[in-house]
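Please build the complete structure, drawing on both the sequences and the hints.
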Amino acid sequence: MNKDAKVRTQLMLAFGTMGVLILFMSLFGLTALGDATTRFQGYVHGIGARTAITARLRTAIDERAIAARNIVLATTPAEVQTEKSRGEQAHAQVQKSLAELKQLMAQATDTSDKARALVAEMDRIEQSYAPIALGIINMAARGEREAAITKLNGECRPLLDQFAAITSEYAQLSQTNANQLADTAAERLAAERAALIAAALLAFVIATAAGLVITRRLTGALGGEPAELRQIAEQVASGDLSPMQRQGAIMPGSVLASLARMHSTLAHIVTDVRLASDSITTGSGEIATGNTDLSRRTELQAGALQETASAMEELSATVRHNADNARAASQLATGATNVANRGGQIVEQVVDTMQEISASSRQITDITGVIDSIAFQTNILALNAAVEAARAGEQGRGFAVVAAEVRTLAQRSAQAAKEIRALILGSVEKVDRGATLVSQAGTTMAEIVTEIRRVSEIVGEISVASAEQSDGVLQVGQAVAQMDQATQQNAALVEEGAAAAASLRDQARRLDQSVSVFQVPGLAGGAAPAHRLAMS
Numbered sequence: 028m029n030k031d032a033k034v035r036t037q038l039m040l041a042f043g044t045m046g047v048l049i050l051f052m053s054l055f056g057l058t059a060l061g062d063a064t065t066r067f068q069g070y071v072h073g074i075g076a077r078t079a080i081t082a083r084l085r086t087a088i089d090e091r092a093i094a095a096r097n098i099v100l101a102t103t104p105a106e107v108q109t110e111k112s113r114g115e116q117a118h119a120q121v122q123k124s125l126a127e128l129k130q131l132m133a134q135a136t137d138t139s140d141k142a143r144a145l146v147a148e149m150d151r152i153e154q155s156y157a158p159i160a161l162g163i164i165n166m167a168a169r170g171e172r173e174a175a176i177t178k179l180n181g182e183c184r185p186l187l188d189q190f191a192a193i194t195s196e197y198a199q200l201s202q203t204n205a206n207q208l209a210d211t212a213a214e215r216l217a218a219e220r221a222a223l224i225a226a227a228l229l230a231f232v233i234a235t236a237a238g239l240v241i242t243r244r245l246t247g248a249l250g251g252e253p254a255e256l257r258q259i260a261e262q263v264a265s266g267d268l269s270p271m272q273r274q275g276a277i278m279p280g281s282v283l284a285s286l287a288r289m290h291s292t293l294a295h296i297v298t299d300v301r302l303a304s305d306s307i308t309t310g311s312g313e314i315a316t317g318n319t320d321l322s323r324r325t326e327l328q329a330g331a332l333q334e335t336a337s338a339m340e341e342l343s344a345t346v347r348h349n350a351d352n353a354r355a356a357s358q359l360a361t362g363a364t365n366v367a368n369r370g371g372q373i374v375e376q377v378v379d380t381m382q383e384i385s386a387s388s389r390q391i392t393d394i395t396g397v398i399d400s401i402a403f404q405t406n407i408l409a410l411n412a413a414v415e416a417a418r419a420g421e422q423g424r425g426f427a428v429v430a431a432e433v434r435t436l437a438q439r440s441a442q443a444a445k446e447i448r449a450l451i452l453g454s455v456e457k458v459d460r461g462a463t464l465v466s467q468a469g470t471t472m473a474e475i476v477t478e479i480r481r482v483s484e485i486v487g488e489i490s491v492a493s494a495e496q497s498d499g500v501l502q503v504g505q506a507v508a509q510m511d512q513a514t515q516q517n518a519a520l521v522e523e524g525a526a527a528a529a530s531l532r533d534q535a536r537r538l539d540q541s542v543s544v545f546q547v548p549g550l551a552g553g554a555a556p557a558h559r560l561a562m563s
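Just so you know, this note's numbering puts 509 at position 482 of the sequence shown, and the rest follows in order with no gaps.
Heads up, none of these hints are tricks.
Once the Cα atoms are required to be at most 25 Å apart in a straight line, the calculated DSS-like pairs of lysine-lysine come out as: (1) Lys-141 / Lys-123; (2) Lys-445 / Lys-457; (3) Lys-111 / Lys-123; (4) Lys-178 / Lys-111; (5) Lys-141 / Lys-129.
Here are the simulated distance ranges between beta carbons: (6) Ile-447 / Asn-352: 57 to 67 Å; (7) Glu-115 / Thr-177: 19 to 29 Å; (8) Asn-365 / Gln-502: 35 to 45 Å; (9) Asn-180 / Gln-154: 16 to 26 Å; (10) Val-429 / Gln-382: 42 to 52 Å; (11) Ala-226 / Ser-269: 52 to 62 Å; (12) Asp-150 / Ala-225: 46 to 56 Å; (13) Leu-57 / Ser-285: 42 to 52 Å; (14) Ser-541 / Thr-246: 33 to 43 Å.
If you're looking for bench data, these hints aren't it; they were derived computationally from the structure.
Where is the CB? At the ideal position from N, CA and C, for every residue including glycine.
What follows is the structure in structure tokens.
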């Protein structure tokens, strides 16, 4: 690792190396895990599957042989039929299992020629044995027991023994292959475990060495512990520029050496700035005091004039406002007079209209009386017609009904006429009261018009006087404003001088306050001590 390399480069290189090692270990572990998974899947789908099918094949062969034996020994037709069905099912399972085993052997890549030969031998024996077994079952089912027993002992048993021997040999061969596969997997697992342990130890050694080297170089570049550097920086940040107390030498070119030089240089700068700021503060303070007194007196004079001008402006504004209000009041009074005149005319028209309405209401009352009398007479005529219809008997019954209807209508007309008369009488009374009130309103409106005319004349006189007063106040205000403007210009010049002096004094004071944060021993005596720090 390059000695002059940056800290960032060193850290990135160290952690990058660790990352590469971890990535390598992870890839190696994943590869090993993948190989183990592949081998396990190969066992499950290869040797394991073929062994399981062979076991099912052996079981089906035995069940078929047992069915052939039992059917010969059966004594009832039901037992014969049961064993026949069992034998046929077992035969179907033998054919299925043997076909699956041959298919797996054809697809397998992890089997031997001997295993293929054993499976071929199984197929050959099955081709010879299956017809014999099925023939025995069919013969026994037909009742040919003696012939079936002879065929069973003479032909079936030798082939069955061969079949059992072949399947047993194949099962033993499959077990041997499985054991070899397990031993190979165990050996590879041990090798992969050893490789992972070695890689982990190598990564630990590299990480430890890189950590030691980087730590040593960082400590040398810093010149001390980070806590010590932070303490020195905080001391300077808090304004304490007293000599640094440290045991041991400082490595040249380190961060601590740069901090020591900064500490010493800053102490000298602060001392010079403090002395200069004290002198500036004293001189600017004297200038500012004189300008402040002059500015205060000028401001008092300007303030008095300004208050006078403001008072005149307020008075002028008030007078103008009063004049405007007077003019507006005069206009409103004139408008009110016109409105009152129009109102009086309208009230007179309303009085005439109310009188006409009252007369019309009386005419309607008379007409309603006529309708009521007609209804009364119609009722009497209907009653007489009903009496005559009753005298007429059956011939006058229809006329009686009509007379009853006419009487009912006459009664309803009389009732309606009474209600109309009552409403008309109420309306007439209300119209009379309204006419009286309107007449009174007309009299009142006439009085209002007279008073409004008098008010309008008075307001007009006030408006003329307010306008003359406003002109006089405006002239006085203009004169005071000119005096105030001249005084304010003088005051502004004095204030600018005072502000400049005060600003200089404030800046000197702020500079002194800013520098006073730093604590430099011996500054009160007028000279700063030489800053000493052991350098090596």
